[in-house]
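**Q** So you can see what is in the structure, the chains are spelled out below.
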Amino acid sequence: SQQGEEDPQALSIQEGENATMNCSYKTSINNLQWYRQNSGRGLVHLILIRSNEREKHSGRLRVTLDTSKKSSSLLITASRAADTASYFCGGSNYKLTFGKGTLLTVNP
Amino acid sequence: DTGVSQDPRHKITKRGQNVTFRCDPISEHNRLYWYRQTLGQGPEFLTYFQNEAQLEKSRLLSDRFSAERPKGSFSTLEIQRTEQGDSAMYLCASSSTGTSAYNEQFFGPGTRLTVL
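Residue numbers (our numbering), protein chains in the order written: chain R, 1439 to 1546; chain S, 260 to 375.
The reader is advised that the hints may include incorrect statements.
Claimed, not checked - Here are the computed lysine-lysine pairs in the DSSO-like style, where the Cα-Cα straight-line distance is at most 30 Å:
#1 R/1494 to R/1508
#2 R/1507 to R/1538
#3 R/1464 to S/316
#4 S/316 to R/1508
#5 R/1538 to S/330
#6 S/270 to R/1538
By construction, these hints were calculated from the structure, which means they are not laboratory data.
So that you can see chain S by itself, here it is in the shape it has in the complex (with noise of 0.2 Å):
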C-alpha cells in the first residue's frame, strides 16, 4: 500500500496522559499536513511541513500540542497532558509541490483519540 499510514488507528487515553501519533506520508511527497476532525464538523488544519521545516504552527491548538518531522520523511504529532476536549480524529494529509506549489492533498485513515 503506497497511501498516506497513520499509527495507531485508535487511542484510549486516560485524561492527563500524553499521546503520541504518527504519520507516513506517500514516499514521494515533500509536504505534510495535520488535521483534526470533531463528530460533525469538517477537517480542521493544525500545522504542516515542507520537508523538515515546519512552515506553520500558529493553528496548533495550544502549547500542549507539537509536531515533529525530523528527517524529513515521517511526522509525529504530540498532545500532552490530554484534556477530555482533545477527544477527536487526528487526521495527516501528504501533497507534492511539482509542477504546481499546491497540489493534491492525500488523507491516511487517521487516529481516533478518545479521553475518558
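Same shape as in the complex, but just chain R (with noise of 0.2 Å):
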C-alpha cells in the first residue's frame, strides 16, 4: 500500500515562480528521497536527506525534514518551463515508499 502521500496533488505556477511541494510518511525512515519523472519516462534522482538532517540545498532545490511531523517539504525557486514534470518523495529503509506524487506544470 501507499504510505507517502504528497500534496498537493497537481500546481500550475508561471515561469520565475517558486513551488513548494509536502510529502508525509507514515513509518519511520532511515532518508527520504525526491524523484523528478517526466510524462512516460524513469525517476530522476533529485536529493536525498537524511533523518539526522533538516535541511538540505542543491542548486535552486531547498528539501526539509521534519521527522516528528512525518514530514517532508521540496521547494523548487525561479522555476522554468523545463521543471514541468511529476515529483515524488520516497521515504526509505532499504525500499522506497512513494506517493502519487505532485503534477506540476510550470507556464512559460
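Hints in hand, dock the two standalone chains.
**A** Here it is in C-alpha cells:
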C-alpha cells in the first residue's frame, strides 16, 4: 500500500515563481528521497535527506524534513518551463515507499 | 552511459504469455530493486537484491512473478501467464551501501508492458 502522500496533487505556476510541494509518510525512515518524472519516463533522482538532517540544498532545490511530523517539503526556486514534471517523495529504509506524486506545470 | 539500463523499453504481449525483463544496474552498485508503476500512481516496491541474494520478495504481486540476480550483476523479472492487470511500467533501480546502509536509488528508464 502507498504510505507516502504528496500535496498538492497538482500545481500550476508561472515561470520564475517558486513551487513548494509537501510530502507525508507513515513509518520511520532512514532517509527521504525526492524524484522527478517526466511523462512516460523513469525517475530522476533529485536529492536525498537523511533522518538526522533538517534541511538540505542543491542548486535551486531546498528540502526540509520534520521527522516528528513525518513530513518533508521540496521548494523549487525560480521555476522554469523545463521543471514541468511529476515529483515524488520516497521514504526509505531499504525500499522506497512513494505517494501518488505532485504534477507541477510551469507555464512560460 | 553508466546509468541503470533496462531492456526492452516496451513490450506488447497477449494474455497468457510469459515475459521477461532485464535490468543492468550501475556497475559498482550491490543493491538492485524492482518497482511497478501504474498510471497515476507512484512506483510500488516489488523485490530487491543485495548482490545475488534476494532479501525481500514478499511484495511480489503473485506467484506468477519471479526475479533473479544470478551473479550479482544484472537481474531479470519474469511474469508468467500475463494478465491484462499486469500492464504497467516496470522500473529497476540500483544503489550502493558504501558508508551508509541506505543510499540514493537510481532508476532506469523502465519497461512498459502492455498485455492485450
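**Q** Could you tell me which of the numbered hints above are not met by this structure, giving the numbers in increasing order?
**A** Hint 5 contradicted; others consistent.
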